[in-house]
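Taken in order, the sequence shown gives residues 1 to 407; the numbers are from full-length UniProt numbering.
By construction, these hints were calculated from the structure, which means they are not laboratory data. Please note that the accuracy of each hint is not assured.
[Unchecked claim] Once the Cα atoms are required to be at most 30 angstroms apart in a straight line, the calculated BS3-like pairs of lysine-lysine come out as:
hint	residue 1	residue 2
1	Lys113	Lys276
2	Lys397	Lys276
3	Lys397	Lys382
4	Lys384	Lys372
5	Lys113	Lys384
6	Lys276	Lys296
7	Lys382	Lys372
8	Lys382	Lys276
9	Lys372	Lys113
10	Lys372	Lys296
11	Lys384	Lys296
[As the list claims (entries may be wrong)] If you anchor each label on the Cβ, the simulated ranges turn out as follows:
hint	residue 1	residue 2	range
12	Lys247	Gln366	55 to 65 angstroms
13	Glu280	Ala307	45 to 55 angstroms
14	Glu249	Ser101	15 to 25 angstroms
15	Lys384	Leu293	47 to 57 angstroms
16	Gly119	Asp304	30 to 40 angstroms
17	Lys247	Glu349	40 to 50 angstroms
18	Pro351	Val120	37 to 47 angstroms
19	Leu398	Ser155	16 to 26 angstroms
20	Val120	Gly226	22 to 32 angstroms
21	Thr287	Leu358	18 to 28 angstroms
22	Leu398	Arg292	48 to 58 angstroms
Glycine residues also receive a C-beta, built at the ideal position from the N, C-alpha and C atoms.
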Amino acid sequence: MATRYRLCFCCLKPGHVSSACKTDRRRKRPASKVSSAVVSVGTTTTERVQETPTVECKSSSVSMMHANLASEKRGKINRFQTIKARAFGAEYSFIREDVASALGVVGRAQPVKVEGFGGVTHEHPSSQVVQLWLGRLDGSQNAERYPLEALTVPSLCHRIPVSKILTSEWEHLQFLDPVIDDESSDEVHVVIGIDYYYRFLGDAIRRGKPGDPVAVETVLGWIICGPVNPHPAPETVAAFNAVVEPKVEDLLRRFWEIEEMGVPFRSESDKVDPEKRFHEGLSYDGTRYSVRLLWKNSRCWLPDNFAVAERRLETLERRMAREPSRRDVHSSILHSYLVNGWAEEITSEGPEGRTWYLPHHVVSQQGPGATKHRIVFDASAKFKGTSLNEQLDSGLKLQADLLGILL
């Protein structure tokens, strides 16, 4: 608002800028080294663990902020060493696994695939989504805190170069500390992604001449963006190279998968477990057999696909409106399901993460005597990259693999 109406940032009056303001409100402010706290929301139960498709994150660097780390347990704050929170152009925020473990936070499972500059890709199948709180450590324990949801990864950035900043070189940065420097530039604990970056931004932006660095206010303090060396040294060149070395176990596994020519290896435990679970969930009521769904993971987390199933149902209703005979068949089949107890009407929503809505349609088969109709439920319909079929175990192959017999 002050920028829009050209007001002074100190006294909010027109006619001058903050650098020429004579009010006593123009005082020294904290440097861009920001003291803040990372506080755990609390240990999340692992009874509901999400196994969803891999999240892909593409990143580009934005700026750097400094912070202090703390965890909150039983009303007591445990403080750690000063950490570095890097503001990043990634789609998601990240935190190192050892830092999340020290805070005692556990979240739902979320495999992640990170794509960086130069096409470098890292996959983390055991990543988790955890919730934290960021707050200033220089304030009281009841100071305002800001939520942050981040993905855990084994490591973040290494050897981040930080330039020594002399704020006295620029008139518009003289309200900060005279010298901003950090020798411990190789430790990055938290990466603030673009999904939360703008939530931490304030209203004030201090700009200088074209080509000068820009100071941006955040809820944790000030950050400096842009070129920070007023006297560049062109003879000094820094080059960085990223090399991904796959594990030996992964290379061997891939080698044997190719050598087997499509005959997948399945351990004895993999063969026994689905069969055992099948017999445990099998029941007979004197008329029909029924079996429980064979989940690949008993703690899988399903997204809410109600909107997709509703759109499919509306499409089916419009199609049946043009064919009254098919609509009558559809209604009679559903009515028989209710009468025989194969389906029941629900009056409340199912448990979150354990409910999946199945789209369906009517299939007609022309026979010699009459036309047979049946309802087919589409368990392969995908939503947010997953489907019911992908969450269920297909069981053992009852027929021998033809390629295996020939070889």
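Which of the listed hints are not met by the structure?
1, 4, 9, 10, 13, 15, 19, 22
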